[in-house]
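K.L.:
Those sequence lines, one after another, are chains A and B.
In the working numbering, each residue carries its 1-based index in the first sequence increased by 733.
In the working numbering, each residue carries its 1-based index in the second sequence increased by 733.
Hints are computed from structural coordinates only; laboratory data are not their basis.
Accuracy of the hints is not assured; some may be wrong.
A pair counts as met if it fits within one copy or between any two copies, since identical chains are not told apart.
[Claimed, not checked] Within a straight-line C-alpha distance of at most 30 Å, the following computed DSSO-like cross-link-like pairs (lysine-lysine) qualify: (1) K773 to K1037; (2) K1043 to K893; (3) K813 to K893; (4) K756 to K737; (5) K1032 to K802; (6) K893 to K802; (7) K1037 to K1015; (8) K737 to K869; (9) K1043 to K813; (10) K813 to K1037; (11) K737 to K1015; (12) K893 to K756; (13) K1032 to K1015.
Bear in mind the structure is a predicted one, so any value in this text is a computation, not a measurement.
Protein chains: 2
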Amino acid sequence: MTTKVLIIGTGAIGGFYGSLLAKAGADVAVVCRSDYEPVKQHGFIIDSHMLGTWTFTPSQVLSNAADYKGTADYVLLCTKVIPSVDRVALVRPAVSADTAVVFIQNGVEIEQEMLSAFPDNEIISGLAFICCNRVKPGEILHLAYGRLALGNLPDAVSHKTRRLCELFRQSGIDCIASENIATERWKKCVWNAPFNPLSVLSGGLPTLDILQSQEAFVRSIMQEIYNIAEAVGHRLPDTIVDVNIENTYSMPPYKTSMLLDYENGHPMETEAILGNAVRTAKRLGIASPLLDSVYALMKLRELKLAELHKKYNPLYREPVSQHPDD
Amino acid sequence: MTTKVLIIGTGAIGGFYGSLLAKAGADVAVVCRSDYEPVKQHGFIIDSHMLGTWTFTPSQVLSNAADYKGTADYVLLCTKVIPSVDRVALVRPAVSADTAVVFIQNGVEIEQEMLSAFPDNEIISGLAFICCNRVKPGEILHLAYGRLALGNLPDAVSHKTRRLCELFRQSGIDCIASENIATERWKKCVWNAPFNPLSVLSGGLPTLDILQSQEAFVRSIMQEIYNIAEAVGHRLPDTIVDVNIENTYSMPPYKTSMLLDYENGHPMETEAILGNAVRTAKRLGIASPLLDSVYALMKLRELKLAELHKKYNPLYREPVSQHPDD
């Protein structure tokens, strides 16, 4: 029987991974927000440097999950994790008794919201290690990589998770089933917590420049994530900081996803990546002064972005004076 | 006998305070760098919201202190404190046995360099609490405030310091002689250490927005300065953090001097304000993780500014890819 999948969120991640499942023979429907019209008319064009070019015509193109016809075996949530997006509300209308709720998203401590909302459903947590961009509505450019990690919450690997991994593998990308997916999430955060915000706060430096200039600072932030992860029950490998540093030195100088969001005026995953880590540290009484600082500065940066919007309001007056005391 | 003064550095601070001493009857010569030609031809126009408008015609306009004719009673160094400016080399050619070396500059732990270079001269440390801008070469706009604090190193107030204070007071601005000027320098840093870099790292927020959004963070940075100052022998008032916070709430939302430098593409006093504080903490074994973070981020920001210059070099290639791991 054909596997039925509903993808929610058709940015680069949702569009790309949805297209792979369709390639592997699944019945893949999509819920689009801003891209509804172009996707409804033309589907997706996927241009992958690894896998070639193909079109992906979803079985249903919807503006709301409530309009989904049939019973989904999997609902895949692929939006960014930002405060303005209600993850549960997006997914709920399409969740039936037998639906597995899958999220392929960034950030730490984002699991409980879904576990609480769907206590009787299978919950599958996913991480994507990929370079891909939504070039324009319905057009996705896959530059490199693409590995997925999937695992059930609480820690397990179900039949449904294995089946989903198989579909992804059939389509040509690597997908691992992890018995410790919550730990994998913290592992990924070891890299994201320094490089994503530092790329923004530096004004746009690529990863290699950040590392070459401030390796000790980057290492200390990574160590704070390690400490928080350990306190919350996820013991990471002792070598994880060294390995992340070495890997970053050997990669080309990349722009992080948060920097790309920043440069494109899109909301950033500050809360999912930093805010949740900082709050977890506070709750457990773990010191995380560097993360606290980086988080505070990201909040100031976001405030400035909000001010820039206000500036277009004719009632806004910009401060002009210099401070007397410096 | 007329007091003879040589001002080195004719930005807003040097031009304004030099003009005041001339107003009070001193013989005031200036060493200019980029402004040499216009100042040589037209002197300075000072437009003060407090004291009116006047012109200041220096007795000598020089491009190098070595060209100074006569023996200066005071040499006043009024440049920014940045790594590319050799403070001692700028001053030395005009320093005679009876010359008092005065610096009206920002930052902490900037005294020893001058004490070591001029062990037989009177050294006077000065702090300016003022809003003024160099509008263009030879034109200075004094917006508000103007108080000076002067004191000898090591802690004392000499006859020459009192005499300089009197001249400033005669010209219409407040000048206090302090027996603890090195402590005053740390006091000023309590405000500068958070607000200057946070205004830059936030992307341009004025002081009030920073405070309203991140008061706890600002307070913690101030407390770190308090701790370092205490360890290095400058016990600050117990209420200093509270007082600085309250004062900042009651001021209009200002742009800091570091933000103005940043916006104008000028070098910032990152090392004088933050770097020296962080190095002092390290030397004394005092923890200062928030200052460490802010300093590291400022260094990244400065690196990005350097990269932007490189970008105009045709050999420079910008990184284009997205990072796979976030």
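K.L.:
State whether the alpha carbon distance between K737 and K869 is at most 30 Å within one copy, between copies, both, or neither.
P.N.:
within (26 Å within a copy, 69 Å between copies)
K.L.:
Please sort K1043 with K893 into within, between, both or neither, judging by C-alpha distance up to 30 Å.
P.N.:
neither (48 Å within a copy, 52 Å between copies)
K.L.:
If the cutoff is 30 Å on CA atoms, where do K1032 and K802 land: within, between, both or neither? Let me know, please.
P.N.:
neither (41 Å within a copy, 55 Å between copies)
K.L.:
Should K893 paired with K802 be assigned to within, between, both, or neither, using CA atoms and 30 Å as the limit?
P.N.:
within (21 Å within a copy, 90 Å between copies)
K.L.:
With identical chains treated as interchangeable, where does the CA-CA distance between K1043 and K813 reach 30 Å or less: within a copy, between copies, both, or neither?
P.N.:
So K1043 and K813 pass the 30 Å test inside one copy only (24 Å; across, 34 Å).
K.L.:
When no copy is named, should K893 and K756 be tagged within, between, both, or neither for a Cα gap of at most 30 Å?
P.N.:
Result: close within a single copy only, 18 Å intra versus 86 Å inter.
K.L.:
Is it within a copy, between copies, both, or neither that the alpha carbon of K1032 lies no farther than 30 Å from that of K1015?
P.N.:
This pair counts as both: shortest intra-copy Cα distance 17 Å, inter-copy 28 Å.
K.L.:
Up to 30 Å between alpha-carbons, please classify K737 paired with K1015: within, between, both or neither.
P.N.:
Answer is neither; intra-copy 41 Å and inter-copy 60 Å both fail.
K.L.:
I want to check one pair: K756 and K737. Are their C-alpha atoms no more than 30 Å apart within a copy, between two copies, both, or neither?
P.N.:
Within one copy, since 13 Å is at most 30 Å while 86 Å is not.
K.L.:
Please work out whether the CA atoms of K1037 and K1015 approach to 30 Å or closer within one copy, between two copies, in both situations, or in neither?
P.N.:
within (26 Å within a copy, 32 Å between copies)
K.L.:
Using 30 Å as the alpha-carbon threshold, which applies to K773 and K1037: within, between, both, or neither?
P.N.:
neither (36 Å within a copy, 42 Å between copies)
K.L.:
From the Cα coordinates, with 30 Å as the cut-off, is the pair K813 and K1037 best called within, between, both, or neither?
P.N.:
Intra 21 Å, inter 27 Å, cutoff 30 Å: intra and inter.
Hint compliance for this structure: hints 1, 2, 5, 11 are broken, all remaining hints hold.
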